[in-house]
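A.B. asks: Read top to bottom, the protein sequences are chains W and U. In terms of our numbering, the first sequence has 368 at position 365, counting the first letter as 1, and numbering is strictly consecutive. In terms of our numbering, the second sequence has 218 at position 208, counting the first letter as 1, and numbering is strictly consecutive.
No wet-lab data here; the hints were simulated from the structure.
Pairs of lysine to aspartate or glutamate residues, derived as EDC-like cross-links and limited to a Cα-Cα distance of at most 20 Å, are as follows: (1) W:K136 with U:D135; (2) U:K131 with W:E139; (3) W:K136 with U:E139; (4) U:K131 with U:D76; (5) U:K84 with U:D150.
Far from chain W, some chain U residues (derived; all Cβ distances over 10 Å): (6) G38; (7) A51; (8) G82; (9) S106; (10) G110; (11) V258; (12) G307.
For clarity, every value in this text was computed on a predicted model and none was experimentally measured. Built from N, CA and C at the ideal position, the CB exists for glycine as well.
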Amino acid sequence: MDATNGGPEAVPRVVITGIGVVTSIGIGVRAFTFGLREGRSGARPITAFDTTGFAHGNACEVVDFDPAPWIRHTPLDDLGRASTFSVAAARMAAQDAGLVDEQIRQRRSLVSVGTTDGESRDLDGLVALDLEKGPEAFPPAVARRYPADRLSSGIVRELRLEDVEAITIATACAAGNYAIGYGLDALRSGAVDIALCGGADAVCLKTFVGFYRLGTIAPDVCRPFDLNRQGLLTGEGAAILVLERLESALARGANIYAEVLGYGLACDALHPVAPDQSSIVRTIEAAHLDAGVSPDQVDLISAHGTGTRANDVTEVAAIRDVFGEDAMPPTISIKSLIGHSMGAASAIAAAACAIAITEGFIPPTINHEQTDPECAVDCVPNHARAADLRIVQNNALAFGGNNAVLILGKHLGPQQA
Amino acid sequence: MVTSAGSPAHRDTTAISCWATASPYGLGASAFRAGLMTKQAAVRPLPEELRAGGPHEEGGWVPDFDIKAVLGRKGTRSMDRLTALTVATVGMLLRSAGPGLAEDHPEAMGLVIGSGHGSVKSIMDFTKESMTSALPYHVDPGSVPNTVMNRAASQSAISHSIKGPNVTVSAGVLTGLIALNYATALLRQRRAEAVLVGASEEYSAQRSWLAQRADAGDGQQTSGPLGEGSVLLLLEPASRAVAYGRPVLAEVVASRFTAFTEPEGAQRSLARSVTGALQEARASPDQVTLVVPSDRGGYLGDYENAALSAVLSDHRPQLVLTRALIGDMSAAAAAFQLAAALVHANTGGLALVTSVDPGGNAGCTLLRLPAASS
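The shape of chain U in the complex, shown without the other chains (with noise of 0.2 Å):
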């Protein structure tokens, strides 16, 4: 049933065989790479309904994306904007993706989900409506589920029929490599055959004004402007992905997570991250082809580019920055990140991808690229 850690030799490698984000670009990937690769900063004014008073002017947000014009009317009348982009970037996945997945094996899917705190914007209207009404239960029984974290996981497993192990984590910026370590878990201790994996965040003035107010009185560590969107990245055993004729973008060789308790601390606690990643991927630096960081400015990114000076040494791969463009994802970030390492998976070796929460989590994730095609 369940099997034990066994030698590399025997163990199928886990596969990236498929994604889809709606991103600042639009919907789809290759909105998402087209932008990526012109490097257009998809970070403009927000429009008036989706600032609603909040502080921030601009953010990264996904155009065109009316809920009932995307998901029809069927069972979206009370569903959140975090959640509708959730539903529709799985369903966009498992279009594109083809074969073996939900239609054929429900039962047999993952489906792990990212987020920050579920849609705040869902639990402060819910609470502010209790507190507003003439009695406090006065409130809509359809918008209950939008309050709780799991929504946007739970209601993608039943638009798509996605019936096994459904989860939704939370680790702050380090969302979507931890989200992505929980999902390989699941594969190796085959709790499912394939699993939908990501993280998902809308822009809402609630989320803008707790980012703001958490700045407030830190002033070196900014957050915003901020971004919105979600992706979600098909992970199967390398072997499973061939059999239903897709392509193995990328394999998932290690992750690895540390702590750090003052600020000073995070560029040492990085470093350990990734070097022990690249003991556990038996790899060299100079293996390493392409380095998508958190990128977050402040004294964070400061620490973060000196910990990747520190372990590259005067190794110099490919540098994908992403946050000036599509804006701060919060607890999406790390999965966009992901998702910018996958466009630029052309170059073979290895893609790091880097994370450092204020909070004082630190993380990576070492993906192997498939050597450049013709």
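This is chain W alone, in the form it adopts within the complex (with noise of 0.2 Å):
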């Protein structure tokens, strides 16, 4: 399928043309373009719980976020951490694409947020309040608001949209990859308008502790790729795209960050933590088959990258099963900067590679000193790299072995096409 032919038969093509992220490094596009080029570190010791008793405790968390601008019409009592950050990413998505609720609002739309953990977070503080006094005294609007669907259906409220499909999509760590590939098909069906999507999660122990049991956090930073990296470290935040049909974004006359090409989706099923290389390559080509690209034409993969051992080796060998040995384009992953966000994760990562694309540069892999040779990639260490970008693929791959890889293209106008 050539993505660029037309005709009556062509494939609705479709575009980002709003961006909203809340992250460590930054909150919006510009703050958040800001951190990717400097290549700002968002690891700092971790503030969501009590760290007494652990070897170490790093994160990357959001600090000093006021959602209150964003939000207007929620209670904020009404919303725990991770909708708090989808719905104002949504919020900021939405005006970043120069779009008031309204006009969201008289479209038929789907709003669909990828998340690991839900509201974890406000479960850790009932486990801590059972403990204290028991669950008679769970207050009434937590109880209410942490099930997962509330970061989709937060944001749903928020804009006081109507004609709506509000769904969350739970698929652990490549969630976010997911929701917007959901979106890419509610759009090229014809199903919807406009698509809300992304991916939002909050720091919380319940997902610390996994981690740290099962090894795999840094004690310190986050270094991917590195023949000395010790691990992950958990984050949070949320990034939300704006995705639209082209010719409605061309009617408008919006601003277009990218093209979203395609997505492959595949499951290893067969560990419920370790990745497997083979349906990573399925994944891959199965994303580029749908993107109607060849290996060869990509020019940067946002890796997976979580910094593990297990991680990185597993997912350079299956790129490098994918573009050859020698082929390889330059691969980075932006976990080194913000942390694992898990379910918000390739959300955020998608936002990156969409304003990659638009800024010309290659953001960095920080906290790089000796690249393994294992997992021997050019990671673009330390700092960012002018580039004219085509076609970026994005990698999320989840416990239970469940794949999502994401391409997304530069949207050439006519005279360059």
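Once you've looked at the hints, go ahead and assemble the two chains, each given alone in its own frame, into the complex.
C.D. replies: Structural data, given as structure tokens:
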């Protein structure tokens, strides 16, 4: 399938016209772009919970975030921390797209938000309350707001949408790519006319303990592809993208960040926590097929790149299988900057890819000293690099072997195409 | 690779060709069918080990569900009840559906599971273990996967070798309808040849407390007694079902979803969903032969009934209510409504399954039922 050919049978083209981000290195597109370009680190000591008893306790938390400018209609008590991020990011994305709420409300829409933990941060708090006072003390507002669906339905409520499908996709750490992919399908099929898609998660004790117990938390910082990498840092935040068909974006003269060319999904069906090389290959190939691109056209890979021993070796081996030993494009991990923001990770990475395409630079993989020969890629170490990016691939791999790969492309005006 | 919308004449219809359930009536579709047809109440006192100090005395719990007895000892040491109910139901579906599925085409099979928030029991037990152990990381590593919401879907894929798209979705009480719509999109975009789609909930004291405390201070919209179980439907193009010798139990014709801000907006919102779905199906209200509402009681139940009366006007199709029989299935509620529609799918015409969520979402799915067979 040629994504650029015309004709009545052509699959509708879908573009990103707005980005909202809440991250540990910047809130909003401008600050986030600056953080990516400068290679800022979001790592700092955890404040979300008491880290007494752990040998180390860094994460990439969002600090000094005031949601009030973004959330106007919803009492903040009605939203857990992850939903607060998703709703704020949605409002930012809408504004960035040049849309007032009413313009979204008038169209048939989809809101799809990926997450790993939903409001598990709230469940942390309820467990502590249970231990102290018993479950009779659970605040009703918290008991109402914890289910994962609130990450998407919270956006619907805040924007007062009416003709809308709201879905939270809880496919762990690949969920953001799943949510964007569903938006692409809904726009391609004509089911909706605009989609707000992305991911959100909040740092929580539960997930920190889980990764810590599995021996995958880095003591200080995350060093993807480095010989001395020691694991991941948990992170948090949200990214919401405004997706619409190219024709509607052009008709309203919208700024276009990038085109969503396609995506692929596949499942290892092998192990609850270990990734599998062959099914990552299968996922990448499915994404390339859907996007109508060949490996030699890919200019950049935004890797899942958690910085654990196992992930980086397995993921790079899969990339090597698809692209060839000597033809792997630059392969970066923004988890070196913002940690692993779980279900938000691939959505924030997709936002970073779209920004990289628009701004013409590759965000660096920071904290990098010596590349591990077992996962030897050009990870654009420590400093951003100017680049004309036409096709970018965004990998996401999740617990349970749930893989999702998204392909974005530069939007070329008619005179450039 | 990807189909454009195309004209309906050229598009294969999307069929439900088999289904399975672990329900409060026991394991299997036939137990659910028998219970529903005889309107046997499956809400009953909770056994002590399930109640575990929770506030509800009764529930619609799945009887005789000992995980190791049902699934064997291999791989079940750390498996929680939600995962086990799902794995068992996927297994029942694959066994009864026949050829052309996971064994033959593992990479072409998708799996879409609806869930409220995974297992809140597994998540909260794990966090409690961390908070009460001598050191905060003295936790069972085998239970880590249970704390992630995609556990039921991914473990079902592992247990049954389903290697296509594997997705966990959450949409409140609408979850079953949203999952079905997601699965339909996977098929129409040719990301899978066939999809197992449904939703699951487990009973636990934690879920029970959360439901009870969520009700506190509201007083109008109460949850409970809670139900548990899993429903899985096999979704595939009708031509594929026929090729593998499976019946078309129902065709998925249209789904529509809407939202409302204030509770009193629920009626208008649901009416808009139903009207929109009927328009998409190019059908009139009098073609609806069966209605399975979410039956939530309270003000939402009133608004749901009012919306249905407004759209269907004088037309009175057969009404199937399940909540009083099997309990509040939370995120599995709409999937059980779909199963209930399939139980009664001998009427021909259209089945309308509706749902209204207190979080402000409404929606419906229209199924075309085969004409009554002899």
